[in-house]
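Engineer: Take a look at the letters that make up each chain.
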Amino acid sequence: MDFGLPTDEDRILRLVLDGPRNRAEPTKKLDVDRLVGDDAEPLLRNLVRDEWLRPLMGTSQR
Amino acid sequence: MASAAHGYIPTLKAILTQQPDTSRPLDAIIEFAASAFRRGRDTISVAELFNALGARGSHFRDEDDLLGYRLKCALFGLEPFLTVINAAKGFLPSTIKVSAKVQRMSTLKDVLEAQQDPSHETPLPSDQHQGDAHESLRAAWAALDLHPRVRSAAEELYRNGHYRNAILDSAVALVNLVKEKSRRHDLDGAALMRTVFSRTTPVLAFNNLADQSDLDEQEGLMHLFEGAVLAFRNPRAHDLAPDTPEYALECIGFLSMLAKKLDAAQRRAPPTGA
Numbered sequence: 067m068d069f070g071l072p073t074d075e076d077r078i079l080r081l082v083l084d085g086p087r088n089r090a091e092p093t094k095k096l097d098v099d100r101l102v103g104d105d106a107e108p109l110l111r112n113l114v115r116d117e118w119l120r121p122l123m124g125t126s127q128r
Numbered sequence: 000m001a002s003a004a005h006g007y008i009p010t011l012k013a014i015l016t017q018q019p020d021t022s023r024p025l026d027a028i029i030e031f032a033a034s035a036f037r038r039g040r041d042t043i044s045v046a047e048l049f050n051a052l053g054a055r056g057s058h059f060r061d062e063d064d065l066l067g068y069r070l071k072c073a074l075f076g077l078e079p080f081l082t083v084i085n086a087a088k089g090f091l092p093s094t095i096k097v098s099a100k101v102q103r104m105s106t107l108k109d110v111l112e113a114q115q116d117p118s119h120e121t122p123l124p125s126d127q128h129q130g131d132a133h134e135s136l137r138a139a140w141a142a143l144d145l146h147p148r149v150r151s152a153a154e155e156l157y158r159n160g161h162y163r164n165a166i167l168d169s170a171v172a173l174v175n176l177v178k179e180k181s182r183r184h185d186l187d188g189a190a191l192m193r194t195v196f197s198r199t200t201p202v203l204a205f206n207n208l209a210d211q212s213d214l215d216e217q218e219g220l221m222h223l224f225e226g227a228v229l230a231f232r233n234p235r236a237h238d239l240a241p242d243t244p245e246y247a248l249e250c251i252g253f254l255s256m257l258a259k260k261l262d263a264a265q266r267r268a269p270p271t272g273a
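Protein chains in written order, with our numbering: chain A, 67 to 128; chain B, 0 to 273.
Next comes chain B alone, as it looks inside the complex (with noise of 0.2 angstroms):
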């Protein structure tokens, strides 16, 4: 009912009538979202196809323009195979998943032809390959003997697609394990880890730092830990860039492991005098 609803957004129909050359971006738009899901991704942000388009040079500047405004309307006239399914900031499209029949288009062109066929709903042979990748992603990631609060902290956020959320909240929970176990909650970030894991007066010890070797793997996770906030957290925390599954799953297993060595690590006395 035409009193219900919130607004009207033009059609593709009526964006590509008026101006026939919104096709270019929206190939762009297309080849991007079918090679990111041969990468394994079967869902995008719509701020990460836009930052693709100013990347390939295209004549798009801004998502807030109105070329930018169009696009995001005409993102809702390629479904079956490009579908909305998150809208956001007044209804406009924000996060868009993508069908596995989009692997195999380049162009608007084979969008517009396959809706007007029908036998575009028989499922493709690549349909089954694609799922099982999808399908070892999440085999790999449940099978991952993750720390119980990294896996706490990533669980849900990776298994609903959320993958930067879910590296940044994996980096957030190994701080907060820090700051349990060497009761500074007085510090954050690098200047925890570099006072916590010291070479020479640290809080938490990996191990009896009786020689040189003890001495070099103590600095050493010191800088892993260190690294861990400023490459995973920290910009996670400034920037709304997505990660993919595959480098999410890693990040996490990585800060698992951390939280492995930080629950195996030996709280130290305080140096003579402190």
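Okay, chain A solo, but in the shape it has when bound (with noise of 0.2 angstroms):
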């Protein structure tokens, strides 16, 4: 499947839909930071701004 996406953001994209390390779990930035080997935040952000991630805040949604 081809998102259309920059290789790096491909790549972030393809480990928060499997979950990091192979579980199905919210993925973190540290995890993120270490795939692509730098300070993934420019990334992310081009991410959730094109609807691709979502990001979760806090303790609770609502």
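Simulated from the structure, these hints should not be mistaken for laboratory data. Do not rely on the hints blindly, as some may be mistaken.
Below, simulated DSS-like cross-link-like pairs (lysine-lysine); rule was C-alpha separation at most 27 angstroms, straight line [to be verified]:
(1) A:Lys95 with B:Lys12
(2) B:Lys108 with B:Lys96
(3) A:Lys94 with B:Lys12
Some, not all, of what chain B presents toward chain A, calculated at C-beta under 8 angstroms [as the list claims (entries may be wrong)]:
(4) His5
(5) Ala46
(6) Lys108
Backbone N, C-alpha and C define an ideal beta-carbon position, used for all residues, glycine too.
Since each chain comes alone in its own frame, lean on the hints to assemble the complex.
Structural biologist: Below, the structure written as structure tokens:
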């Protein structure tokens, strides 16, 4: 499946879809930083802006 | 801000792009939610949704596997028709609020189309009807002349939509009332009820036990008290399956009736030689 994303963003999205370390759970930024070998915040911001990823904030969504 | 996030999950768009057939279990979820709403429910647990998926023969197996995880993530993308109102266990959804507008939807496609249509903000005529149904339940709850201990145990839980817990706590309140009035704190559950309301040597009697009819009534009420523990309290102490507001209303009314019968029961003198 081609998401039409740049390489690093594509890798991040696939990581989040499959869960970190093959565990079905939200992916922490630290795991994404490790994947790309750098601070992934700009890439994450792009993916959130383009509605590929959703950040989980706080202890409750509502 | 991305840096403040506890984690990231895929959006509905990402999930459907990677695996388009995820739409099938989502169709089933929407159909289930619409059906639940038509039956007077405006909140449903995610565990209940997933149980329904399993019961419908979906290829879905486990809410903690990858598909279950993606479905939970996808639920965030169904707003405002299905809205996550409680998130637990790794910030994933545990409870969903169902909008009245879902009742005329049956597939994911319906939801996605409605999300694109600004007119979905316009109230449906049936919203008022459904609102009336919920209002009727609330009015029925408020009008019930419940035993004060049962009312105290269940009031907040029922009003906040925790119907299973409302039944459970009402049943626990009844058991505690029986212990207090009989002074048999050494017993619990069915054994407590059988001992305290025994047909022939009860601690508490509902009548004079003067004839066959009295004895039959005593035994019948003993079975109802025992049944309240076995059928209402115990299953909810061991299982998280949710209850509907209508069923909770009926159960709690029944438990209240038993509490009132208990209030009217008389202590019996211990048998001679005891």
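Engineer: Now tell me, hint by hint, if it's right for this structure.
Structural biologist: Results for each hint:
Under the criterion of a C-alpha separation no larger than 27 angstroms, the hint pairing A:Lys95 with B:Lys12 is consistent with the structure, at around 21 angstroms. At roughly 19 angstroms between alpha-carbon atoms, B:Lys108 and B:Lys96 fall within 27 angstroms of each other, so this suggested pair holds. Straight-line distance between C-alpha atoms of A:Lys94 and B:Lys12 comes to about 20 angstroms, which keeps the hinted pair within the 27 angstroms bound. At its closest, the beta carbon of B:His5 sits 5 angstroms from a beta carbon of chain A; the interface hint therefore holds under the 8 angstroms criterion.
Hint status for B:Ala46 relative to chain A: violated, with the closest Cβ pair at about 16 angstroms, above 8 angstroms. With a least beta-carbon distance of about 18 angstroms to chain A, the hint placing B:Lys108 at the interface is violated under the 8 angstroms criterion.
In this structure, the hints that do not hold are numbers 5, 6, in rising order.
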